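The opening residue of the sequence shown carries number 4 in the numbering used here; numbering runs sequentially from there.
Label-pair restraints from in silico Cβ distances:
{"#": "1", "residue 1": "R86", "residue 2": "A11", "range": "20 to 28 Å"}
{"#": "2", "residue 1": "P48", "residue 2": "Q21", "range": "21 to 29 Å"}
{"#": "3", "residue 1": "N39", "residue 2": "S64", "range": "17 to 25 Å"}
{"#": "4", "residue 1": "G50", "residue 2": "C145", "range": "34 to 42 Å"}
{"#": "5", "residue 1": "Q8", "residue 2": "Q84", "range": "15 to 23 Å"}
{"#": "6", "residue 1": "G50", "residue 2": "R86", "range": "14 to 22 Å"}
{"#": "7", "residue 1": "G144", "residue 2": "Q8", "range": "31 to 39 Å"}
{"#": "8", "residue 1": "G50", "residue 2": "A131", "range": "34 to 42 Å"}
{"#": "9", "residue 1": "Q51", "residue 2": "D104", "range": "30 to 38 Å"}
Straight-line Cα separation of at most 30 Å, BS3-like style, residue types lysine-lysine; simulated pairs:
{"#": "10", "residue 1": "K98", "residue 2": "K151"}
{"#": "11", "residue 1": "K128", "residue 2": "K151"}
{"#": "12", "residue 1": "K46", "residue 2": "K151"}
{"#": "13", "residue 1": "K98", "residue 2": "K128"}
{"#": "14", "residue 1": "K46", "residue 2": "K22"}
{"#": "15", "residue 1": "K22", "residue 2": "K98"}
{"#": "16", "residue 1": "K98", "residue 2": "K46"}
The set of hints was computed from the structure by calculation and includes no laboratory data.
Quick caveat: nothing in here was measured; it's all calculated off a predicted structure.
We treat Cβ as the ideally placed atom computed from N, Cα and C, and that holds for glycine.
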Amino acid sequence: MPALQPEAMQASDHEAIQKLSRSLGRSSEPSRFGDNECQLVLKDPQGQLVGWARAGWWDPSDQLAPAGYYLSGVEISREHQHRGFASILTAARLKWVAERDTTAWCIVNARNTGSLALQASFGFKEIARASHFGAVSFSGGCGLLLRKELSKDAMILWA
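Take the sequences, apply the hints, and build the full model.
See the structure below:
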């Protein structure tokens, strides 16, 4: 399969995103995503959705988790998982954050080993553990707050 390039999410992608999310047992609702976010999709050469991701400013009003730019969601269709597509979307989101700040944040359920491995591969480090950060609670008990320091020089690695 040729290398896929992230594209800006469009309203016309919302139905496919909802269908993908439901197929994974989730309930993403792209029409509720915030303005001024990084919202990306990956599509195969036939224009079918492979996955999506987003990042944006979040102020959780939390003693442990600061306000900042957070990677806040990535979903890849089952038939395309474990092929590097989440990494493509993560690199693009980190580039977007690096254009705005020197730190990227992420919160992950401690049981989500796939997401934790993805974040670790990009150099995210654990900062805190809690049952919730802001209004986000974690089924199974514990979430991790992760941080990655960014530099303008590193943006070239993700281009």
